[in-house]
Amino acid sequence: MKITDASVRPYPAGDSSLARMAAEAAELGFDSIVAIGEGALPGRGPAVLRGAVIGAASHKEVIRQVREPAVRRADVVFVNAGDISFNRAVVSVKEVQVLRNIHTTRKNAFDHVAARSAAERGVAVDISMVPLIQYRGTKRQRALQRYEDILLLHRRYGFPLTISSGACSILEQRSVREIRGLCALFGMTGAEVSEALASVGRLIEPEQPVRVVG
Amino acid sequence: MKPRPPVMRTKRRYILARILPYGMVVDQKGVYLSVIEAATSLFGDAAVGLAQPAVVFCDGGYAVVRCRRGTEKEIATALATVTAFGDERAALRTVAVSGTIHALRRRIKPICPLSGAGEAKIGENCFTVYRYPRQKVDLVEKGIKHQKPLFFTEADLEER
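If you're matching them up, the sequences are chains Y and S in order. For the working numbering, add 1431 to where a residue sits in the first sequence, where the first one is 1. For the working numbering, add 851 to where a residue sits in the second sequence, where the first one is 1.
Excised from the complex, chain Y in its bound form:
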């Protein structure tokens, strides 16, 4: 079971290099991180996976973008969540693995229909720590409400969850214990946090039936 931070944004998007973020992640208790954007992969330390984010306005645009070489090279493909019809459609795209930025959407943008589709196809929903750490006031309250709703759907339908720090800097990375504390704010149990942190490994190598060779 690999504990993975599902998204970090190293230099030049942020102020910390990928190698430094990987070193910090190892000290904070992570086995691997998913780096979004370009950057040389460090030779040692925790495993660094390549992530690609698709920000599209329509389902068709997502299908066009997943065919691009940069996205095909990625280990984990994220799509920014949108409105209700977009989310329902995008969870059925085969190449999409994680639906992210769910806290920026409207209240019912990810509903029970999308949740059922996500569970059937093994598409995860990302829980970002950014709104819990960086935001204050009503913005954070809204994010907590959205996360609680996602957790309710996760418990009912069983689609995977991922947890990401969304860090652009080592100052924004948090330890596994701190993430447990932050997730407890919206009712996530320790076991659920552990499962969510380990789910990136299951997304990139899904469980398949045993194949007899030879």
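Calculated directly from the structure, the hints in this document are not laboratory data. Any given hint could turn out to be false.
Just a sample of chain S residues kept apart from chain Y, beta carbon distances all over 10 Å, derived [claimed, not checked]: (1) 876; (2) 883; (3) 931; (4) 934; (5) 938; (6) 944; (7) 951; (8) 954; (9) 969; (10) 993; (11) 1001; (12) 1007.
Across the chosen pairs, the derived CB separations fall in these ranges [to be verified]: (13) S:974 <-> Y:1638: 38 to 48 Å; (14) S:903 <-> Y:1583: 26 to 36 Å; (15) Y:1498 <-> S:903: 31 to 41 Å.
Note that the coordinates shown come from a computational prediction; the quantities given were computed from them, not determined experimentally. Here a beta-carbon is modelled for each residue, glycine too, at the ideal position from N, C-alpha and C.
Given the structure of chain Y, go ahead and fit chain S onto it with the hints provided.
Below, chain S alone, put in the same frame as chain Y:
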């Protein structure tokens, strides 16, 4: 005034937190204000009032935060939401929780820059280089104010 007998005193817990970035000079009051702001915005006045958080020590890149026993998890969570001291970006990383400051002092490992500070140029900006153990390199932009730090490793600097 006669002191309260020990059994009637409030039980306390102490949280040791590391201050990031390394080498940041902060005063105790600045840390206290940031911790109180983070805790109050997360849990509200009532919960923070009962938790009684206070910064009792702040030196050498570490801070010790005191709170009532039973509220240490909430306060540690609030420490994770500290993003700045005043105008300067920073973070607090919880290292340990204990019932005595004496026990926490044993956990403090001073983080000092290694010798060999130099200069580096990245793009068009000049940076002062501070090297730390485990190949960590902090680059601080030269200037009077609003210097943007960069966090690299030795390998990153060699590549450039």
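Hints and how they fare:
| no. | hint | in the structure |
| --- | --- | --- |
| 1 | 876 | 16 Å, holds |
| 2 | 883 | 18 Å, holds |
| 3 | 931 | 4 Å, violated |
| 4 | 934 | 6 Å, violated |
| 5 | 938 | 14 Å, holds |
| 6 | 944 | 7 Å, violated |
| 7 | 951 | 21 Å, holds |
| 8 | 954 | 18 Å, holds |
| 9 | 969 | 17 Å, holds |
| 10 | 993 | 16 Å, holds |
| 11 | 1001 | 5 Å, violated |
| 12 | 1007 | 4 Å, violated |
| 13 | S:974 <-> Y:1638: 38 to 48 Å | 46 Å, holds |
| 14 | S:903 <-> Y:1583: 26 to 36 Å | 34 Å, holds |
| 15 | Y:1498 <-> S:903: 31 to 41 Å | 58 Å, violated |
In this structure, the earlier hints numbered 3, 4, 6, 11, 12, 15 are contradicted, and the remaining ones agree with it.
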